[in-house]
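Trainee: Chain F is fixed; fit chain Y onto it per the hints.
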Amino acid sequence: MFSYYLQLGMRSLRRNPILTALMVIGIGLGIAASMTTLTVMHLMGSDPIPWKSDKLHYVQLDNWSADNSYYDDGRPPDQVTYRDAVALMEAGKADKQSAMFKLSLPIQPENKELKPFRSLGRVAYTDFFGMFEPPFKYGGPWSHDQDAGHERVVVLGKDMNEKLFGGQDSVGRTVRMDDIDYTIVGVLDDWKLRSRYYDLTNGAFEDPDEFFMPFTAAIDLKQRSTGNNSCWKSSGDGWDAYLDSDCVWIQMWVQLDSPARLAEYKSFLDSYVNEQKKLGRFPRPLNNRLLDVNEWMADQEVVSRDVQVQTGLAFAFLVVCLVNTVGLLLAKFTRKSGEIGLRRALGASRREVFSQFLIESGVVGLSGGVLGLALTGLGLLAVRALYSEYKTVAHLDWTMIFVTVALAVVSSVLAGVYPTWRACRVQPAAQLKI
Amino acid sequence: MLKMTHLQKVYRTHLIETHALRDFSIHVREGEFVAVTGPSGSGKTTFLNIAGLLEEFSGGEFLLDGVNVSGLNDNARSKLRNEKIGFIFQSFNLIPDLNLFDNVDVPLRYRGFGAAERKKRIEESLTRVGLASRMKHYPSELSGGQQQRVAIARALAGSPRLLLADEPTGNLDSLMARGVLELLEEINRQGTTIVMVTHDPELAARAQRNVHVIDGQVTDFDEAPRLREVAAGNADRGSGAESGRAVGAMD
Chain F
1 MFSYYLQLGM RSLRRNPILT ALMVIGIGLG IAASMTTLTV MHLMGSDPIP
51 WKSDKLHYVQ LDNWSADNSY YDDGRPPDQV TYRDAVALME AGKADKQSAM
101 FKLSLPIQPE NKELKPFRSL GRVAYTDFFG MFEPPFKYGG PWSHDQDAGH
151 ERVVVLGKDM NEKLFGGQDS VGRTVRMDDI DYTIVGVLDD WKLRSRYYDL
201 TNGAFEDPDE FFMPFTAAID LKQRSTGNNS CWKSSGDGWD AYLDSDCVWI
251 QMWVQLDSPA RLAEYKSFLD SYVNEQKKLG RFPRPLNNRL LDVNEWMADQ
301 EVVSRDVQVQ TGLAFAFLVV CLVNTVGLLL AKFTRKSGEI GLRRALGASR
351 REVFSQFLIE SGVVGLSGGV LGLALTGLGL LAVRALYSEY KTVAHLDWTM
401 IFVTVALAVV SSVLAGVYPT WRACRVQPAA QLKI
Chain Y
1 MLKMTHLQKV YRTHLIETHA LRDFSIHVRE GEFVAVTGPS GSGKTTFLNI
51 AGLLEEFSGG EFLLDGVNVS GLNDNARSKL RNEKIGFIFQ SFNLIPDLNL
101 FDNVDVPLRY RGFGAAERKK RIEESLTRVG LASRMKHYPS ELSGGQQQRV
151 AIARALAGSP RLLLADEPTG NLDSLMARGV LELLEEINRQ GTTIVMVTHD
201 PELAARAQRN VHVIDGQVTD FDEAPRLREV AAGNADRGSG AESGRAVGAM
251 D
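Respectively, the protein sequence lines represent chains F and Y.
Counting from 1, one number per residue, gives the positions in the first sequence under our numbering.
Counting from 1, one number per residue, gives the positions in the second sequence under our numbering.
If we strip away everything but chain F, and leave its shape as in the complex, we get (with noise of 0.2 Å):
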């Protein structure tokens, strides 16, 4: 009977095009509106790297003032000073771990018609790429024994690569940054981050990094960060004097392939903490922590409120939608009493009007989510072009496609519940005049 009462809907609908047309509108622009809200804000909480973000976890240590948290509520900074995070690197207890900063450079191109420009880039280890396994087109990753020989190299992004070399294997050219020249030794392909998590403390939603370098370089040419910087007390004057300093500019991810290495490196840390209290550092109580990819973007707010509430108020809207169609299913099935009635003379059940009733709810539920997705389509071209930092969110996937046709399909039905109901609940008798 599904299917007698699909072709029925469907003729239903032909039946009554205006009637149709604002059931399907209706419920087309609520679906629209809270699933462009919705595919925003699940693209950007959504898990980046699945297969292992449980393990590869972010450091966090509680250098702060005695007097003072980092955070009211006792969290701990969100970044690592350059002495503990060479620390932490020079010990190794991680399976790949690696200390990186923003840093912005102008770039000299060899090119004489391409002016310098300046680019954002990362430096970092090796194990980044081990970690974080961005695609390489050419080449690949410098190596350990290059960072351990603070070789000047460089991984450049594909943009980059397109600007300054066309898109060719440049791979053992040079490019010169900021007046020194770097050996590239891999160009990535295209990395579709939905949110570059690896650096939330400088925003979930920047631009790619268009270059990446050793750490152990960019240290030896004093290279500052271009990204945050907080401090409890002075950093002191000079280069080293910074680098000595309880400033935190560094954030420190390692890759801990099992519970029980997490659990190894929990007491590690907690062992390096104490024993920098016997040095006078960290006089806050221990207070480390370690969370996993997807704890720490929960943490930093990658969804933000904004977004969160603005997708409230478009569920809303989809409510409103509904109570809509909630009435003009009622017009529309008030209408149909003398078939109801007949349909209950020829043998029809209470429970078949209600099947077949509540299939052509789901039919305008169908019809309202293909519109509903097509004006969600717009809705995210829309975000995109006005908000670009959401560029790389505002898509629409198979899951947020499957989620709206359902969506629509579903509040349609339940919108059509009631309606449904009544037209059960006609009495055959007084419809018809036997």
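FYI, nobody ran anything at the bench for these hints, they're computed from the structure.
Fair warning: this is a prediction, and the values are worked out from it, not measured in the lab.
Note that CB positions come from ideal geometry on N, CA and C, so glycine has one too.
Incorrect hints may have been included.
To list a few chain F residues with every Cβ distance to chain Y over 10 Å, as calculated [said to hold, decoys possible]:
hint: 1; residue: 18
hint: 2; residue: 62
hint: 3; residue: 73
hint: 4; residue: 83
hint: 5; residue: 280
hint: 6; residue: 285
hint: 7; residue: 315
hint: 8; residue: 327
hint: 9; residue: 350
hint: 10; residue: 351
hint: 11; residue: 385
hint: 12; residue: 429
hint: 13; residue: 432
Okay, the calculated beta carbon distance ranges per label pair [to be verified]:
hint: 14; chain 1: Y; residue 1: 133; chain 2: F; residue 2: 410; range: 41 to 47 Å
hint: 15; chain 1: F; residue 1: 410; chain 2: Y; residue 2: 13; range: 37 to 43 Å
hint: 16; chain 1: Y; residue 1: 137; chain 2: F; residue 2: 397; range: 15 to 21 Å
hint: 17; chain 1: F; residue 1: 427; chain 2: Y; residue 2: 174; range: 46 to 52 Å
List of simulated lysine to any residue pairs, SDA-like, C-alpha gap at most 20 Å [what the hints assert, rightly or not]:
hint: 18; chain 1: Y; residue 1: 136; chain 2: F; residue 2: 14
hint: 19; chain 1: Y; residue 1: 119; chain 2: F; residue 2: 2
hint: 20; chain 1: Y; residue 1: 136; chain 2: F; residue 2: 163
hint: 21; chain 1: Y; residue 1: 136; chain 2: F; residue 2: 4
hint: 22; chain 1: F; residue 1: 163; chain 2: F; residue 2: 192
hint: 23; chain 1: Y; residue 1: 119; chain 2: F; residue 2: 7
Mentor: For chain Y alone, coordinates are given in the frame of chain F:
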């Protein structure tokens, strides 16, 4: 086929009680053609609604083909209605956006027949009423008489044992009415019990038995079945005895 004993039907509002049927008893035997007459508001329609299981009754007993319908739930009543009863309405009640084939198909869908069986039955019933060539037409493309024939085809498609008709010729001119009546008589001759509500004495006269209802009660009935008077130009088509029908008086 249909036996009501001391049936009561009371409509209640918070202000008044209306006794639509009171102490209403009737026994229609299998194969009979019974006409129910009476003034407007006498309870004829209520009787037909209850007989068609479209309305509940307030008291008494109702046996339909030997089944006591008092305790049946909606599903069971719908099934019984679908299997045993065919309806013919004064205003035809065809679904306008379904063609003739699909209109006749409606009760068969609820019966749960397969596609081949439904097709066979639809074609047979439309052939029987002389409209097989128009099964893809829509009701609006037919005359009133033809629409009523489609309604009869729909009623017959499920091979019901009881046909309930309310003023089946009420919306038709005399020529069309005659055609429809002849069709009903033929259906009755083939064994289907017919109960027909009518205001038309001429129409009632052609039934085997007349039941007169006033104020919700049976006030007059034929004790014995009559020879059916035949429309002009037609030969006698026999009595109940001829057609092998059991005939009897009102209880």
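Trainee: If a hint holds in the structure, say so; if it does not, say that too.
Mentor: Hint-by-hint comparison with the structure:
1. Every beta carbon of chain Y lies more than 10 Å from that of residue 18 (chain F), the smallest distance being close to 16 Å; the non-interface claim holds.
2. In this structure residue 62 (chain F) is separated from chain Y by more than 10 Å, as the shortest Cβ-Cβ distance comes to about 69 Å.
3. The claim that residue 73 (chain F) lies off the interface holds: its Cβ sits roughly 60 Å from the closest Cβ of chain Y, which is beyond the 10 Å cut-off.
4. Residue-level check passed: residue 83 (chain F) sits 80 Å from the nearest beta carbon of chain Y, beyond 10 Å.
5. Every beta carbon of chain Y lies more than 10 Å from that of residue 280 (chain F), the smallest distance being close to 84 Å; the non-interface claim holds.
6. The Cβ of residue 285 (chain F) sits about 70 Å from the closest Cβ of chain Y, beyond the 10 Å cut-off, so the non-interface label holds.
7. Every CB of chain Y lies more than 10 Å from the CB of residue 315 (chain F), the least distance being 36 Å, so the non-interface label holds.
8. The claim that residue 327 (chain F) is not at the interface with chain Y holds, since no C-beta of that chain comes within 10 Å of its own (minimum 23 Å).
9. Chain Y draws residue 350 (chain F) into its interface by the beta-carbon criterion, the shortest separation being 5 Å against a cut-off of 10 Å.
10. Residue 351 (chain F), annotated as away from the interface, has a beta carbon of chain Y within 10 Å; the closest lies near 7 Å.
11. Interface exclusion of residue 385 (chain F) from chain Y stands, the closest Cβ pair being 44 Å apart, more than 10 Å.
12. Not every C-beta of chain Y lies more than 10 Å from that of residue 429 (chain F), the closest at about 4 Å, which undercuts listing it as non-interface.
13. Distance check for residue 432 (chain F) against chain Y: the nearest CB is about 6 Å away, which does not clear 10 Å, and the non-interface claim fails.
14. Look at residue 133 (chain Y) against residue 410 (chain F): about 46 Å separates their beta carbons, and that is inside 41 to 47 Å.
15. Between residue 410 (chain F) and residue 13 (chain Y), the C-beta spacing of about 40 Å keeps the proposed range 37 to 43 Å intact.
16. In this structure the hint that residue 137 (chain Y) and residue 397 (chain F) lie 15 to 21 Å apart at CB is violated, the actual value being about 49 Å.
17. About 34 Å separates the C-beta atoms of residue 427 (chain F) and residue 174 (chain Y), a value inconsistent with the hinted range of 46 to 52 Å.
18. With a CA separation close to 18 Å, the supplied pair residue 136 (chain Y) and residue 14 (chain F) stays within the 20 Å bound.
19. With a C-alpha separation of about 19 Å, the suggested pair residue 119 (chain Y) and residue 2 (chain F) falls inside the 20 Å cut-off, and the hint holds.
20. With a C-alpha separation of about 68 Å, the suggested pairing of residue 136 (chain Y) with residue 163 (chain F) is violated against the 20 Å cut-off.
21. For the proposed pair residue 136 (chain Y) and residue 4 (chain F), the alpha carbon gap of about 18 Å is at most 20 Å, so the pair holds.
22. Proximity of residue 163 (chain F) to residue 192 (chain F) is assessed by CA-CA distance (about 19 Å); at most 20 Å being required, the pair is judged to hold.
23. Straight-line distance between C-alpha atoms of residue 119 (chain Y) and residue 7 (chain F) comes to about 17 Å, which keeps the hinted pair within the 20 Å bound.
Hints 9, 10, 12, 13, 16, 17, 20 from the list above are not met by this structure, while the remaining hints are.
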